[in-house]
Amino acid sequence: GSTALVVLTAIHAGLVVSFFWGLLANALVATQVVEDGTWSSLAPYYVFSVLLFALGTYLSLDTALGATTAIGAPSDPPEALRSISLFVVLTIWPLACVLIYAGLMTYIVVAVLHEYRPMLYYALSGFFFVLSQLAWFLLGRVLCTGSNQRVDGSFLATLLETASIGVLFLAWRSITE
857 GSTALVVLTA IHAGLVVSFF WGLLANALVA TQVVEDGTWS SLAPYYVFSV
907 LLFALGTYLS LDTALGATTA IGAPSDPPEA LRSISLFVVL TIWPLACVLI
957 YAGLMTYIVV AVLHEYRPML YYALSGFFFV LSQLAWFLLG RVLCTGSNQR
1007 VDGSFLATLL ETASIGVLFL AWRSITE
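Numbering follows our numbering, with no gaps: position 52 of the sequence shown is 908.
Derived from the structure by calculation, the hints contain no laboratory data.
For clarity, every value in this text was computed on a predicted model and none was experimentally measured.
Where a beta carbon is used, it is the ideal one built from N, C-alpha and C, also for glycine.
Hints should not be assumed to be uniformly reliable.
Label-pair distances were calculated between CB atoms; the ranges are [what the hints assert, rightly or not]:
1. Val986 - His868: 17 to 25 Å
2. Leu937 - Glu1033: 42 to 50 Å
3. Leu937 - Ala899: 30 to 38 Å
Between the sequences and the hints, there should be enough to build the whole structure, so can you do that?
This is the structure in structure tokens:
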């Protein structure tokens, strides 16, 4: 692939890592340990967002371009890219963020607010998210082959992730009313 595609993919990886921090930070602020909207809640959010974006982007660029050996030697052959650190920040980190977010929000909604309707929204959002990940990992090649390379799993995953975020917004709206 071209260097421009590698850089664009690396920026996407950095954004993924940073956005999942945003999800986790939202749950942490919802605990009201620090008041939302104040500098004490915004400063860590912005600092960690930038740092995690830089980490995800760097790991992706270093894996693809093999600029350094800081995270391992370049893959041989180059088509067989493998990076444990990139796997951790792009798969394990988002999973951990989602699980911690779900746990914190369940505690806040059920134990603190004594509400149950928002949990239906959270469950539906989680269902869409799981479906999106299944579409991404399991249906990618099947959809791509079946549609003569017009649609792949990332297209369906993006639609399901968008639905997940929309339902997550409904959950947030129902607990802030």
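Here is how each hint holds up against the structure:
For Val986 and His868, the hinted distance range of 17 to 25 Å is satisfied, since their beta carbons lie about 21 Å from each other. Between Leu937 and Glu1033 the beta carbon distance is about 47 Å. The supplied range of 42 to 50 Å therefore holds. With their beta carbons about 36 Å apart, Leu937 and Ala899 fall inside the hinted range of 30 to 38 Å.
Checked against the numbered hints above, the structure violates none of them.
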